[in-house]
Amino acid sequence: AGHVAALPIDGRGRVWAGMFDGGIDVLDAESGERHENLTDAGVREVNALARETGSDRVWVASSKGIVQFDDGRMSRRFGPDDGLAGSSATAIVANVGPTGAGIAVATNAGLTVTDGRVARTLTAFHGLPNNHAYAVAAIGTRLFVGTLGGLAEVEAMKVGRTFSVSNSRLPHNWVNAVASFEGRLFIGTYGGG
Numbered sequence: 187a188g189h190v191a192a193l194p195i196d197g198r199g200r201v202w203a204g205m206f207d208g209g210i211d212v213l214d215a216e217s218g219e220r221h222e223n224l225t226d227a228g229v230r231e232v233n234a235l236a237r238e239t240g241s242d243r244v245w246v247a248s249s250k251g252i253v254q255f256d257d258g259r260m261s262r263r264f265g266p267d268d269g270l271a272g273s274s275a276t277a278i279v280a281n282v283g284p285t286g287a288g289i290a291v292a293t294n295a296g297l298t299v300t301d302g303r304v305a306r307t308l309t310a311f312h313g314l315p316n317n318h319a320y321a322v323a324a325i326g327t328r329l330f331v332g333t334l335g336g337l338a339e340v341e342a343m344k345v346g347r348t349f350s351v352s353n354s355r356l357p358h359n360w361v362n363a364v365a366s367f368e369g370r371l372f373i374g375t376y377g378g379g
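Per the working numbering, residue 187 is the first one in the sequence shown, and the count goes up by one each step.
Read the hints as simulated data drawn from the structure, not as lab findings.
Note that beta-carbon positions come from the ideal geometry of N, C-alpha and C, so glycine has one too.
Be a bit skeptical, because a hint or two may be false.
Said to hold, decoys possible - Quick list of simulated restraints, FRET-style, between CB atoms:
1. ASN353 - GLY286: 27 to 35 Å
2. ALA342 - THR225: 32 to 40 Å
3. THR285 - PRO357: 19 to 27 Å
4. GLY313 - SER366: 30 to 38 Å
5. GLY378 - SER241: 36 to 44 Å
Please work from the sequences and hints to get the whole structure.
Okay, here's the thing in structure tokens:
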């Protein structure tokens, strides 16, 4: 048992339970039986998991960066030396970018977006409300990034608009959860709302 942080379902219908203190348990969705436990230094403190649509690829965002799994096997690590903005990845969304083959990663030092193997980063210097990014969601071609200082709307790697308590109905600036559903964005803040 651990502190579960994420629960996606992979292309084979298995549930991936990402735990902050126990790696990843891959479970049978019907019985709950554990198929395997994936634990090493890169997947020990899991913050988020994302499955790529149309493939059996699962991305892991952890306190040690990003790990890519293909068909249930670790295939790549991705950290600051590879272009990730920070050392700790807090959230991830797959199937972004012009080709739909990229990922967007919220980190402790900004937002990193990859499309294939090229990584580009946005920080407060580029218009994010704060470098500490905690959440990311996609609606169409737009990304919404939750930070310690508010919410940013990003399109084509440019910050278009930002939202904070001073210019919107956000109850608190610290946005630690965002989720998109049927074209709508749901926002969770630290402190409620």
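Hint by hint, here is what the structure shows:
Checking the proposed 27 to 35 Å range against ASN353 and GLY286 shows it holds: the Cβ atoms sit about 32 Å from each other. Between ALA342 and THR225 the CB atoms are about 38 Å apart, so this pair conforms to the stated range of 32 to 40 Å. For the pair THR285 and PRO357, the supplied restraint of 19 to 27 Å is violated, since their beta-carbon distance comes to about 37 Å. The hint said 30 to 38 Å for the Cβ distance between GLY313 and SER366, and at roughly 21 Å that hint is violated.
A C-beta distance of roughly 37 Å is found between GLY378 and SER241, which places it inside the suggested range of 36 to 44 Å.
Hints 3 and 4 from the list above are not met by this structure, while the remaining hints are.
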